[in-house]
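A.B. asks: Read off the chains here:
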Amino acid sequence: MIYAKTAHELHQLLIKGEISSKEVVSAVLERIDGVETDINAYITINEEALAQAERADRMIRDGKATPLTGIPVAVKDNMSTKGIRTTCASNMLKDYVPPYNATAVEKLIEAGAIIIGKTNLDEFAMGSSCENSAFKQTKNPWDLSKVPGGSSGGSAAAVAAGEAIMALGSDTGGSIRQPAAFTGVVGLKPTYGRVSRYGLVAFASSLDQIGPFARDVEDAANLLSVISGHDPLDSTSIPGKESDFSLDGASVKGLRVGIPKEFMTEGLDPVIRDAINRAAQLLEDEGASVKECSLPHSEYALSAYYIIAPAEASSNLARFDGVRYGLRVSGDNHTDMFIRSRQEGFGPEVKRRIMLGTYALSAGYYDAYYKKALQVRNLIKQDFDHVFADFDVILSPTTPSVAFGLGEKVDDPLSMYLSDVYTIPVNMAGLPGLSLPFGFNNGLPIGVQLIGGLWQERKLLQVGKVLEQATGYVPVVPERGDR
Amino acid sequence: MGYKTTIGLEVHVELKTESKVFCGCSTAFGQEPNTQVCPVCLGLPGALPVLNKKALEYIIAVGLALNCEINEDTKFDRKNYHYPDLPKAYQISQYDKPVAKNGYLDIEVDGKIRRIGITRVHLEEDTGKAIHGEDGSYLDFNRSGVPLIEIVSEPDLESPEEARLYLNKLKNIIAYTGVSDVKMEEGSLRCDANISLRPEGTEEYGNVVEVKNMNSFRSVKKALEYEEIRQAELLDMGQEIVRETRHWQETEGYTFSSRSKEEAHDYRYFPEPDLVPMSISKEQIERIRESMPELPDQKKERFVSSYGLPVYDAEVLTESKELASLFEDIVASFNQPKKVSNWLMGEVLRLLKDGGQELADMPLKSEDIVELLKLVDNDTISNSAGKVVFEEMFKTGKKAMVVIEEKGLKQISDKEELVALVRDVLNKNEGQVNDYHNGKEKLFGFFVGQVMKISKGKANPGLVNEILTEELNRLK
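Protein sequence lines correspond, in order, to chains E and B. Position 245 of the first sequence, counted from 1, bears residue number 245 in our numbering, the numbering being contiguous throughout. Position 47 of the second sequence, counted from 1, bears residue number 47 in our numbering, the numbering being contiguous throughout.
These are calculated hints, taken from the structure and not from any lab test. Bear in mind that the values here come from a model prediction, so they are computed numbers and not experimental data. Keep in mind that a hint or two might mislead.
To be verified - Here are the computed distance ranges between Cβ atoms for each label pair: (1) 352/B / 94/E: 54 to 64 Å; (2) 415/E / 203/B: 56 to 66 Å; (3) 362/E / 252/B: 14 to 24 Å; (4) 374/E / 290/B: 34 to 44 Å; (5) 351/E / 69/B: 13 to 23 Å; (6) 95/E / 83/B: 23 to 33 Å; (7) 132/B / 85/E: 47 to 57 Å; (8) 382/E / 96/B: 19 to 29 Å; (9) 95/E / 129/B: 34 to 44 Å; (10) 69/B / 362/E: 27 to 37 Å.
Using N, Cα and C, we set each Cβ at its ideal position, and we do this for glycine too.
Kindly produce the complete structure, drawing on both the sequences and the hints.
C.D. replies: Following this line, the structure appears as structure tokens:
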């Protein structure tokens, strides 16, 4: 089945002329037709996808194909796409059609990739289950009664269900890695500054990072190399970093792997603990040394994150006021219009975080909350610095449990927030983190996380590749009756 | 009771960079609304700011010109507030690490130098503009993102007149650095004032009132004078001054309360995460310092020492960069500095003032003025004819010789011709000649006047004096 193949497999077929991009895109569109009513991965399907496929086929004929040329890629609906509405799964931006492309999107188009559609998310990327979308509930392709994770749940589900070959997500506290783990796909959150944020609708600017979803490590590496690189339009993107994530000769011989003891405690589902131990054993078998390490301040990461991220969000989301674009609800005067538009435009979780953040930044509270949280953030960075003085990579769970049930945590924000407890410290330190599918429990995927030092994506991907080979990993798309 | 006035000024100046401070849009003034905009300055979702390096150089130059320390570590912060003309609902500004701080400028008050402290100079972005029409309100974002610097003075000013002098000096210094047009009428310079009164002999400052909406230096002075009186009257009645923001009503000449300071905004400043902290190197600061033009005070001193001008002349001439360079251009070809100074301070400034014009509006070049000065100097025309000629040149842009020909103002310096004129006058006024010889010597002036009259003012007055003396002696 075409839609179940990886991009590198399709690339071989495309350049050999055994298949056309148009056929690939048609196959994926058919798959969407077949399963989307169950999965609800997309907010918008790109009507130009087939036309883009024709352009890709010309590129291939002209010998200008890149590894992504002709490959359908889904894009999380918080990245600006010229001419395609970009909603952030919010009533606020229900009809907003941007006049420009995000840099990551622009790079995909230049590489000849097909933007197949815009995927569902928790409103403005705030959430861990896609239950905060204003429009629809994306479901876990492995079990429709479970959440796909979030906030990039639509992208994760699309790749897992064969509704896209790969996808872009964004990760502020785990929004790529957690849904990757829940849906059994590869998800990478790059080093902060690796991928341009230009055109990514900001949630928490100092934490947000765009990254790839794919069905295997090689595809994730190829997608990362297309979207990464310095962008003069993003002052926080860093120049002079390699963009070659080649996996040739991947090996873990002599690799020093640390498992943070703080992550292997009570709150962790035993099936995931077993998975970590199995992964550790495999790495040792391949020549790595695995030891316990310590991130003593990680227990404060979640609290500090829920100060810093909402603080930045309260400011980033202030622009949605009904004046220039988006929802406008008339009022008696402009202040009244602001209030009514924001009242109707934002959902409860977004409002909760705006209020949290506004409070944390208020005069008299700044030092006690925001400043304190920044201090904690520094301690977390230092923890990682210490670990990476003695270790090459960290092996950890991605999530405390496998995918939870729809509605299970929706009334308990704190328990929902806890599903990002192992991913948040990585964002706080600006580090790269890779979530890999590592088996199943009762039909639900398990993910393991590899964390590297700054700019160590290639190392992470190589370790990931070794793990894939050692387990004989074959990407699978769940059986689901096409209708 | 007597009160001491304390005033501090907050001045906003638009920098004249080609492009905006955080995007590539043009900063040109007076274009069609919303034609100089992009995702960044419209605050579209996902757009990000990138600092215009030129704006940073410009503010460093202003900081140096105002004798400030330049913060080698500086950063931007977000100032959060909702307003329709503020597209991101926050302004990128600077909170605790401004580019420049702890500077000063000197003003002269009653012949004495007063040093006024500059607390800080920081860089920020301008907002858009609301246009209120009959059928609704419209927004123009062409101005959104134009680089602004805010210059905050210490509360060192003690009178409205000092505030005016400070503004004049500040405007002059910034104009010299060339980083802004500093035109209050076009909004490239804006000023808010903080004023408080305290009883004479006490130390503690009174409650501060912020005054806004002044559109000229004169109205700053008038608004502050109004506030001085208003506050003194309230204090005299034993009332407390409310800490508040007041708006100046220009046409009626009063201030009115617009917002209580107690309910002032909480701007929730925090570091702008979209821009990385900057470090300004010592080398960069030195490079900018070296490329700085001569500033007004330095130029004034040089005008005194190398041209021998009186301090007053030097002061007036250096008050505008353009006038000072016009002076130097003329002196380069006509090396009589005091004469040039007299001409510029007298004729040029008078005509500009009468016409409500600026020097840039004058159609004459320095060589045109040099030509005229030389013609007066070599007695081709008289000094008073020179003034008439200059006025015509100023109004029409014509060359001096053209005007002189047209008006027939060429001076008569031909001795024979003048002797004939003098004899003619003396012949026609025999009675007065006799009176003169009988001791009425002040009639000499009458004879000069007659000669000038029949020559239609063209007779060279020096020569007329000489010849008249000779002829009267001859008739004795």
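A.B. asks: The structure should be examined with respect to each hint, and the outcome stated for every one.
C.D. replies: Here is what the structure says about each hint:
1. 352/B / 94/E: 54 to 64 Å: holds (59 Å)
2. 415/E / 203/B: 56 to 66 Å: holds (59 Å)
3. 362/E / 252/B: 14 to 24 Å: Check failed, 39 Å falls outside 14 to 24 Å.
4. 374/E / 290/B: 34 to 44 Å: Given range 34 to 44 Å: holds, Cβ gap about 38 Å.
5. 351/E / 69/B: 13 to 23 Å: Violated, at about 44 Å.
6. 95/E / 83/B: 23 to 33 Å: Taking Cβ atoms as reference, residue 95/E and residue 83/B lie about 24 Å apart, which means the hint holds.
7. 132/B / 85/E: 47 to 57 Å: Given range 47 to 57 Å: violated, Cβ gap about 32 Å.
8. 382/E / 96/B: 19 to 29 Å: Since residue 382/E and residue 96/B have Cβ atoms about 24 Å apart, the given range 19 to 29 Å holds.
9. 95/E / 129/B: 34 to 44 Å: violated (27 Å)
10. 69/B / 362/E: 27 to 37 Å: holds (31 Å)
The structure does not agree with the numbered hints 3, 5, 7 and 9 stated previously, though it agrees with the rest.
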